[in-house]
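Keeping the supplied structure of chain X fixed, place chain H upon it in accordance with the hints.
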Amino acid sequence: MGYNLQNPLIVQGDHTVLVEVDSPRYEEARDHLARFAELVKSPEHIHTYQITPLSVWNAAAAGMSAGQIASILGEYAKYDVPSHVLTEVRDYASRYGRLKLHANGDDSLQLCATDAPLAEEIWRSKEAHQYLESREGPLSFRVLPLNRGRLKQALIKIGWPIEDLAGYVEGEALDVALRDVTVQGLSFSLRPYQWESVNVFYAGGEAAGGSGVITLPCGAGKTIVGMGVMARISTSTLILVTNTTAVHQWIREILDKTTLRPDQVGEYTGQAKEIRPVTVSTYQILTYRRSREDEFLHFGLFDGRDWGLIIYDEVHLLPAPVFQYTASIQARRRLGLTATLVREDGREDDVFALIGPKKFDVPWKVMEGQGWIATAVCTEVRVPLPKKMRMEYAVTEPRRKFRFASENPAKLPVLRQILAHHPDEQTLIIGTYVDHLRDIADELQVPVLTGKTSNAQREELYNEFRAGRLRALVVSKVANFAIDLPEAAVAIQVSGTFGSRQEEAQRLGRLLRPKPGANQAHFYTLTTRDTVEHDFALKRQLFLCEQGYAYHILDADDSPARTASLLSQT
Amino acid sequence: MKLFDNDIDWPDFFKRMPTWDRLSPGTRRAFAEMKPKKPVKVHVFGDDVSRLVESGFVFPCTNSGTTKLRPDCQSFASIIRAMCRHDILDDSTSRAFCRYLEDHFTSAQRSALCPNWRYSYANDQILSRHAMSVGWLNNFLALESVKDARVWEKQRQEDYHGRGPYHRTRKLIFDKDDAFEAAQMVIRQSMTWISPVPFRELPDQFPRLPLPLLATAIFAGLRHLLLFPAMRWDDMTPVLTLWPTITQRLHRPKPPRPENVTPDQTFHGAFLMEDMTTVLIAATAQTLRLRSDDKELFAKARKELESSLMTVPEWGTTIAGCSTSCRLDAALNFLRDLHFIRTAGTAGRNLRIESAPESKSWLGMSGKDRLKYILDQIKPTKSPKPKGCQPPPNQVDDEQYYCSDGTPRPLFLPQTISWKINPNDNMSLSAALTRTYASLAHRQFVSLTKFVEYQAQQPNPLLKDVQSGNRMEIRLNWSWQHATEEDTEDLWSQFLVNFFRHRLLPLGCLQLGVVGKEKSACIALTDIGRYLFSLAGDFDYGHHHELQGQIVVQPNFEVVFLSPSPLAEVAIARFSERLSKGTGCLFKITRKSIFAAAGSGMPVAQVLNSLREVSAKALPGNVEHEIKSWFSQCKHIKMYPVTLIRCPDAKTATRVMAAGGQKITPISQTVFQLADHKSKTTLIKKLKGIGVFVVQAGEP
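Protein chains in written order, with the numbering used here: chain X, 1 to 570; chain H, 1 to 700.
Among the hints, erroneous ones may be present.
What the hints assert, rightly or not - Derived BS3-like pairs: lysine-lysine, alpha-carbon spacing no greater than 30 Å straight-line: (1) H:Lys154 to H:Lys176; (2) H:Lys635 to X:Lys387; (3) H:Lys176 to X:Lys401; (4) H:Lys581 to X:Lys401; (5) H:Lys638 to X:Lys388; (6) H:Lys581 to X:Lys539.
Read the hints as simulated data drawn from the structure, not as lab findings.
Only chain X is shown next, with the shape it has when bound in the complex (with noise of 0.2 Å):
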């Protein structure tokens, strides 16, 4: 049995890789190992990768051979690696390129297979069968563009990755150029990271790029990334992303460091439908349909105009209904751009076989260390429930319990204290309950921000706090996405939905724009001690300690000083 001391490697039989992050050798080790295994967890001083098949396809579809994955691995790992790990690795890789998806010249489309068993197989399939024309030869089968998408999701399913050679139309051109001075009057130019994720995203304009996803943490610019992208490219582009202010947010974004002008740029969502060279619209708009048995009245979108290139936002809550409408357009540049590629559905291989293979991630740390986003403190405030209320919360409803606890009152003071602990940082209080809110809102005097308030009060707010002159505000649920505040400095939550990991991490992406000085920013979570609020606030707790956030504790009990104190040792 080998073993190396100084290697930061340890290669489990579960396929996951443990790395030591103090080893001299940690950074170069994670960045080869970036390219091909997923980040699972990212604790202080041990993270946990996994190899995936989906991990090692990736790995495939950017150029790297199984026998390099297990030379990387061989090369870091303090033990010798399982066996079975890398005849596994060998396997998946593969499975990639062993199928590939070439245009015909009379409009339809023809998957090779490298192998007559596999053609055979695939073409026994009862999932791929529907989705293949005819068979061309031994090893050829005609498919029509139609089912491009459906074929390449239906082998992927069963373990064939298709490599996906059919090239893109071209779509309608359009003249747009990233401005070195924004309309603001800011200089502006892509960062290093995002230059080379355009270009890994474009690789020359050959069959091989074109589609794909570009993974970077909250706050890293990708905004920034899918208009250079769009600038690249020069097609007519629709933006697909997760609300109406996320909406605003892109075409503001666009306006201001490209060269488009605003009659170039539409917004397709409940209040406009205006369908132009570049357009910005919501999933919710896209799948909304009068019942359950309904056509999907907007999709007509997606053929409203020739684009040569769709941008997907928050590509791991992309809904359902795109993913079978995305099936359909593959023969147009797609763009995927999330903060993890971790969807809570498990639909990860759909991305990858309708968005396409990850392009390009960069970790947090990497971006953290360059000061390219904000480090972040996490502090848990424990708050102890009022001693008349004790008894009403032992016999409330188990159901109406989370609410109960979220809704304690002795957060309040908590609340005012953390607000005098920053006095100068711009602060968004958060929380999921409205009346709760509006309570806090109350008693703060500070204005809240919920569902309900109309999208031209919202940006105002939105634009009175980027300004500085609001200090505080309160939001709700809605801003748990694609709003770009980049001033806030501090986040204080008041109530959370349950033990969302996802709501956790948009909530702390929020702050992660870049600060000016300390570059640091702070996430508070107030939690009920000894109550189910306090339960699914270990969720939360395990969650961001796994992303490798430090995170504090506090028992905030009854006097004030000492609270005071116990925050500033934060």
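Chain H in isolation, oriented as in the chain X frame:
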């Protein structure tokens, strides 16, 4: 009909052979299927009908186109049918031999053929083992005179109990002066045959023997299980042969020394030591309860332990024949043998496996030293034992292994083969095993099958025992039986394989590999093996001492072992959930595991101190805070049954209070509790006496 009935006429058989040879195979087959006195259609004989009739095999054709066997041909037909009943040329196993015995010999005859052995219900198997050996023939050939032969035959004419009037009256074959010599001549000659010889060729093979004498000699051979008749199926030719396995053994080529091979996949690991470590950690960190009835682990505990044993590739498990269940038993046995664990408690009262204090120092060693300790214990040489080590227990499992003077079974030898040997041979056996496996070239793979085959045919210590006249006995069908040379060869092969499976592979002395599409096993001697055989003074295994204790407690409550540390595993396993074993992320601290630890009486300080002691980094603040918080939630409360007394009104309550006195405690104005159950009946009686009647709960 038996081959040895009085009606069988062997000279007649020889006389009819020329006619038989002229018949077509189809006719022969049809003739072999004829039943005595039962007519058959003549067309089954084709053109051979007239020949059969003329030669006196069958009657002439009747008007209905049928024919029957002639009575004077019944003996010939019986022999032919008997030959057809046993296809010994294709199936020469012990089972086929037993079927042959049952068909042609009575029970008394079969018993008589084993004059030196006690009667056993498994006589046929015992007889078959002997009669299928070369020694059986040699014993007969060793008879020097007719007089000896007659004594020899007479012994085999009577059954074991000395009864058998039928046999006593029977005339001996060797009463004829020249029959014995002729029989020896035939047997000697037949030992040179590499394939069965047709009966028709026998007269030419023995030109000096007149046909009746040859027939007598063959009959003697058949009667004493030296020769066997058989039918060659392709042309229906009756042949005479030794039992086919004897022929094969007499003419087998000497196997070549196995050549080196290059394996496609390899496995190496001292999984017995790793399994022992896992089991010992479990026995130390938790209570491994035993069932009262059989003192075995409960199924759930077994399953959990089995799932945490070292991973061995599936092909390795198949070759080694070691399921996780067997491996767990082996680990437990070794731990018991080394006095690292013991059974504590009594049946029905916390019967459990408990780790012994001696085990702590073993667990504290590095992987290499733990392995070295085991190897030192089992080494056949008298190496000095490290301090704290106990000698192996003085227990001999008679079912498995037997040493006639009751000396303890050496741990070096696996417990899987049963035989009696001279106790002095323990060491020579160990030495022979050592010599055999030490002959493997260092780190050079050879086929396991070829190696065992080659070694089995080399002189082995058991064979020496048999050849030297020592009556070596083996355990067969629950009784002890004398061993044959073939037995020693089989036993030695088995011993070599078992030694490989139960000692060398589990202790990492051999590296295992598979080669070719058939995935045949190959082995190579490792440094550990060389150490065990005293060919090397040290070996390399696992991790150095300086790697010990690289443990990190992470903010997400996981405990990661960057290097193995069994002692730390024991400490942490007491208050955390196990995720894996060896190295990697081994434990997760959860609220449930902390509650369990608190429930067992462990204080928070002990948990935190254990974590601080083992962790190479500072204990994360959130982990410490959370553990303290969980411990603070743990409280002990008392729960006991009481009887509630509910009164309809305050006035009645006062009367009840007066009757109950201090034994009842008021909970409200009309409800009391009676904690002392023994007073219940007295109170009911008292209440009855004052006109207050108790209605049990649920009654109207």
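Structure-based check of all given hints:
no.: 1; hint: H:Lys154 to H:Lys176; in the structure: 14 Å, holds
no.: 2; hint: H:Lys635 to X:Lys387; in the structure: 19 Å, holds
no.: 3; hint: H:Lys176 to X:Lys401; in the structure: 109 Å, violated
no.: 4; hint: H:Lys581 to X:Lys401; in the structure: 39 Å, violated
no.: 5; hint: H:Lys638 to X:Lys388; in the structure: 26 Å, holds
no.: 6; hint: H:Lys581 to X:Lys539; in the structure: 25 Å, holds
The structure fails to meet hints 3, 4 from the earlier list, while all remaining hints are met.
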